[in-house]
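Participant: Chain by chain, the residues run as shown.
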Amino acid sequence: MKRIFIKPELCEGCKNCQVACLAEHSPSRSVWFVNLSDQGSQPRNFVELNNEGRPVPLSCRQCDEPECVNACVSGALQRDPATGLVVHNQKQCAGCWMCVMSCPYGMILPDARENKIAVKCDFCADRGTPRQSAL
Amino acid sequence: MQKYRLNWAAGITAARLLPEEKAVLADNGDKLYYDKLLIATGASSILPPVENIRRGRQVYGLRNIDDVSAIGAAENCRQAVIMGGGLVGIDAAAALSEKGLSVTVVEVADRILPLQLDKKAAARYEALFRDRGIEIITGEMVSKIVLDEKENVTGVQLKGGRLIPCSLVVAATGVKPEISFLEGTAIEVGRGIRVNEYQQTSYPDIYAAGDVCESVETFTGKITTTPIWPLAVMQGKVAGTNMAGVRRKAAGNFAYKNSMTFFGLAAVSFGLPEAPDSSYETYILDSPGSYEKIIIKDGRLKGAILQGDITRAGVLGALIREDYPVKAAPDKLFDLNYACFFHELENGEFTYQDEALTSR
Chain A
1 MKRIFIKPEL
11 CEGCKNCQVA
21 CLAEHSPSRS
31 VWFVNLSDQG
41 SQPRNFVELN
51 NEGRPVPLSC
61 RQCDEPECVN
71 ACVSGALQRD
81 PATGLVVHNQ
91 KQCAGCWMCV
101 MSCPYGMILP
111 DARENKIAVK
121 CDFCADRGTP
131 RQSAL
Chain B
136 MQKYRLNWAA
146 GITAARLLPE
156 EKAVLADNGD
166 KLYYDKLLIA
176 TGASSILPPV
186 ENIRRGRQVY
196 GLRNIDDVSA
206 IGAAENCRQA
216 VIMGGGLVGI
226 DAAAALSEKG
236 LSVTVVEVAD
246 RILPLQLDKK
256 AAARYEALFR
266 DRGIEIITGE
276 MVSKIVLDEK
286 ENVTGVQLKG
296 GRLIPCSLVV
306 AATGVKPEIS
316 FLEGTAIEVG
326 RGIRVNEYQQ
336 TSYPDIYAAG
346 DVCESVETFT
356 GKITTTPIWP
366 LAVMQGKVAG
376 TNMAGVRRKA
386 AGNFAYKNSM
396 TFFGLAAVSF
406 GLPEAPDSSY
416 ETYILDSPGS
426 YEKIIIKDGR
436 LKGAILQGDI
446 TRAGVLGALI
456 REDYPVKAAP
466 DKLFDLNYAC
476 FFHELENGEF
486 TYQDEALTSR
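Chains A and B, in that order, are what the protein sequence lines are.
When we follow this note's numbering, the leftmost residue of the first sequence carries the number 1, and every step to the right adds one.
When we follow this note's numbering, the leftmost residue of the second sequence carries the number 136, and every step to the right adds one.
Just chain A, with the same shape it has in the complex (with noise of 0.2 Å):
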């Protein structure tokens, strides 16, 4: 299993792991045409502040024990047994908010632009490698 591991304390807090998400997850996958006034742009990556106001960078750990999955009424949220993601599959989700309820770490939740499903870290599912942790 993969992970992207984090080292806190080299964080800038620049956003640009935040902006590789938005982009690839955008229609163009383009950095340069992703439309950031659009309320759905939504990064499923986070730089927040911690205590003292330290930048650190979060996402989704894809979970061995996958809180989010043991929530998941509908079955959308499944560990592949093979690569060892948590894969959400959009179609089937219900937006009951169980896995948002569920994710110790807040790593899941509500799509921006339509409040009716949950979005996740996807591990960039066809790309091989996650695009933020190419910074």
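No lab work stands behind these hints, which were simulated from the structure alone.
Any given hint might turn out to be false.
[What the hints assert, rightly or not] Which stretches of chain A does chain B cover? Using the computed rule of at least three CB atoms under 8 Å from a CB of chain B, they are:
| hint | segment |
| --- | --- |
| 1 | 42-50 |
| 2 | 55-66 |
| 3 | 70-83 |
| 4 | 92-103 |
| 5 | 117-131 |
For every residue, glycine included, the Cβ atom is placed at its ideal position computed from N, Cα and C.
With chain A's structure known, arrange chain B on it following the hints.
Facilitator: Frame of chain A; chain B shown alone:
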């Protein structure tokens, strides 16, 4: 099913447990023998003690797909009364209203969703329901189902005397563990089947998980039923692991959490909806689109409600479940996120278990 070599005995009911023979008697007379048994029979809806409730032909619980079909088949109904303003009742009210029925909800507490929400958050939902023509009556209860001579429902009578005409009643007043087939056995039962932290019952070879069982709940420290889906899944996995011979304890048996969304307004709540006394501090962030409430005692979270913006709700839930110190000034409470608690394990997973906590 094939992959895991499972046999599904479809269409038969487990009628009786025969623990001395290590067998389950099916309603077709078959005896199914076991080495280890898991009881996962869930719960069924309760019909409250109200006059005529069992005689009325259009009185339904709402639990199984059959209930949904039965309610859906009651096509000629124009008016429905929902007994109970909890999650099930409110969901039923929204669905029936969207089908075009005129709907009235009768709730005994002073607000709908009293176990999940405080007055303010409940009032936002009540307003959304009333906007759509759904009548919400609080502080009242149904005292009688009114029937015609053929036992068809024609209305309900409230305790206060008011008569509400209707041709459909949905009883959404709670559930009870489905344990009737245990009659005659010595298995330890309270409200549900009593299990230890391995999901094991008083018979060592019999396990139980989900809505049918009762166990030590994390938030209260008391033995209660834990009728929420994520815990049923967790308990089922723990039971299965132990039945397969690998010891594993249930963890995070925290039942005081709920998520909901009605008419586009989302909410998540954890722990206490209201501070029980003055030893708790309550913090509220109230804006037109969003309502947040945090209840703290001795530096630890005891309750949280997020309505509207539910992003990162799970962090608050984890803090309550783990009884983890909040470590934030009151003005930073509504910015709480996992960056404040960041701790990465060697394999890259996150955790809340820092050194201070493990040494506790």
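Participant: The structure should be examined with respect to each hint, and the outcome stated for every one.
Facilitator: So, going through the hints one by one against the coordinates:
1. 42-50: holds (count 4)
2. 55-66: holds (count 6)
3. 70-83: holds (count 3)
4. 92-103: holds (count 8)
5. 117-131: n = 0 at 8 Å, threshold three: violated.
In this structure, only the earlier hint numbered 5 is contradicted, and the remaining ones agree with it.
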